[in-house]
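So the chains spell out like this:
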Amino acid sequence: MGTQFDVLMIGAYEDRLKAVWNDLLVELKRLDRMMSRYDKEGELALVNRDAFVRPVEISDELWNILQDCRKYWDLTDHLFDITMLDFSRVILSEENNFKDVRFTSADIQLDLGGYGKGYALSVIFKMLMENEVTQALVNFGNSAVLALGHHPQGDYWPVGINNPYTSKGLTNFHLKDSSLSVSGNMPSHPKHIVNPESGKFEERRRLTAVVSANPIDAEVLSTVFMVASEQQIDSIATKFDLIEKQIYEI
Amino acid sequence: MSNENTSGINRRDFFKEIGTIGGSGLLLTAFPWLQSCSKEDKALMVKDKEKVRIGFIGTGSRGQYHLNNLLTNPFADVIALCDNYMPHLKEGSAIFPNAKLYTDYRRLLDDKNVQAVMIATPLNEHAHMTIEALAAGKHVFCEKAMGMTLQECLDMYNAHKKSDRVMFIGQQRLYDPKYIKAMGMIHSGLIGEIQGIRAYWYRNNNWRRDVPSPDLERKINWRLYKATSQGLMTELAAHQLQVGNWALQMLPETVMGCGDITYWKDGREVYDNVSLIYRYPNGVKMTYESIISNKFLGLEEVILGNKGSMQPEKGRYYFEDVKPAPGIMQLINQIEHKMFDDAFFAGPTWVPETANEDKGEPIMDKMVSHDGASSVGALGDGSIELETAFCQSAISGKDAPGLLEEAYYSSTLSLLGELAMDEQRIITFPEEYKIPYLNFA
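In order, the protein sequences belong to chains H and Y.
In this text, residue positions in the first sequence follow the working numbering: the first is 1, and each later residue adds one.
In this text, residue positions in the second sequence follow the working numbering: the first is 1001, and each later residue adds one.
Calculated from the structure, these hints are not laboratory results.
C-beta: ideal position from N, C-alpha, C; glycine also.
Misleading hints may appear alongside valid ones.
[Stated by the list, open to error] Between beta-carbon pairs, the in silico distance windows are:
{"#": "1", "chain 1": "Y", "residue 1": "Lys1434", "chain 2": "H", "residue 2": "Gly169", "range": "54 to 64 Å"}
{"#": "2", "chain 1": "H", "residue 1": "Asp15", "chain 2": "Y", "residue 2": "Glu1253", "range": "26 to 36 Å"}
{"#": "3", "chain 1": "Y", "residue 1": "Gly1192", "chain 2": "H", "residue 2": "Asp39", "range": "28 to 38 Å"}
{"#": "4", "chain 1": "H", "residue 1": "Glu197", "chain 2": "Y", "residue 2": "Gln1330", "range": "37 to 47 Å"}
Sequences and hints are given; from them, build the entire structure.
Now the structure itself:
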């Protein structure tokens, strides 16, 4: 996922937390490989290579991910689109327990960049719960943060957002059993989010932050709100159970 | 003192800065020598304006470094100076014009007004001067290394044990704030289990002083001759071997090494190029290297743990793995200090530094490091704190626990290293010279 991953876990048994950390790393490496466009051995890369030429059989997990991406595509007026072109050209079919994917045009490629970290956080959330870790803060390169339970000295995890243009604090969130996702342009990277409607880079100095109990919702919508109009933001937001959303024009 | 990176730590900040490693209670348990003077004792000394009357023996370059520091030390009153080389005595007198001058240290020891002596003479004079000074009822501060031989070191140690006077050896790193803080971090497990120590001191100069006439060569350049010095081991390594023991809280059992004169072939008798391995009972090795014809690496004692590395001289530490993102570090610090505050770290995707660009973390905010070029002393290296601690101990009559043991082993290990190189054999620490401390207790 091309970014740093930090987990701060609070618990009485250090050895147990270390074992959890090791399990998380193994799982993350697996997910990273599966969802990477660049790992030639990875499932997604294989799909991108062959799916226009032939139907590619995929795992249940990737199948579910692509179904989920289709759901978000529908719910966001097609603003969330892992093809960045036209998700309708991705055909998912299931027959006799075989699940496969094919593309109907040669220019289709899948990119899970705006989804992968949220998905990984949802997996991590389950793993932490299964291992009875109830106080933790998980940070994916500062742009995707999962908070379990609360800070040992407070009722929540206090996580603030900085304005990337001034480095001054913009706002802060009280996270508790929820995820925060932040998207935006930075002075160093002013062009990195593509508007699928126009096909052009979104160059507004906008920053979006979404808090939700579902890390994937937060991840997907923080990106969608970068390119959506105000009316679209309002109408899309009603379809989800969001805890908080902030849009800044800075 | 060239190329110093001075960001100016004020002596008043000393305990405040190092106190952050975990409260003063923990500090005093981990570093017992710092408890020689309690806050209450110190407050009383300040209130009563108490000073210890010092006779200073050996007013050469290192002696003058101390004298200049003592000028502003509120607990010191230098009332007598002694040197048998007139130009040095004159230079010392210029610093303390009212001090009584002696050319024979025994006359200074007879001076009843002198309560404490500080000794900065050639190494071969340390032992007998220290022992005689203790016998004369003086408190003693003696420069490191302690003695020329293991027996001299043991005699000094035993003489102090029999006396009721305080005795300090000039191991200033024990009082250097950045070392104290670094050791606190190491002992708390920050860099994991120590797997190795790589100590070195490189500089590029001939280590000579100008000699006005050839008959003074051995007197002025005493560091270069075997009758008066054990060379790089007693003059440089003694400081650094102590750091390894301090980090590991253990003493090495064996030493091997090679020493040669490879560049400064000017008639000197001591090596200008040494390389040694000290082996601790758990198998961890401390390597020691000193070359004085290349300064590229400078000086350092790199402490290598399975989770990170510490460079106390440079004042930085490094994690083996990518360090936690700044926001997470902030939260860890909060939790460790039982604080709760906003942590501003979230934002659009942040690109982490790669390991190759890891510049490490500073051990503390304000600190001074130096490049090791000076053979006299450097600013902010703990010397002032050490001198102050000695004066306060001399006033209170309370020794600095553990300081002498640290010094004893750094001296004896440096001497054993020299012996290992001279005799080209692996030397095991001799039973008869073990004093009770750490794993030799």
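Here is what the structure says about each hint:
| no. | hint | in the structure |
| --- | --- | --- |
| 1 | Lys1434(Y) to Gly169(H): 54 to 64 Å | holds (59 Å) |
| 2 | Asp15(H) to Glu1253(Y): 26 to 36 Å | holds (32 Å) |
| 3 | Gly1192(Y) to Asp39(H): 28 to 38 Å | holds (31 Å) |
| 4 | Glu197(H) to Gln1330(Y): 37 to 47 Å | holds (39 Å) |
The structure meets every hint from the earlier list without exception.
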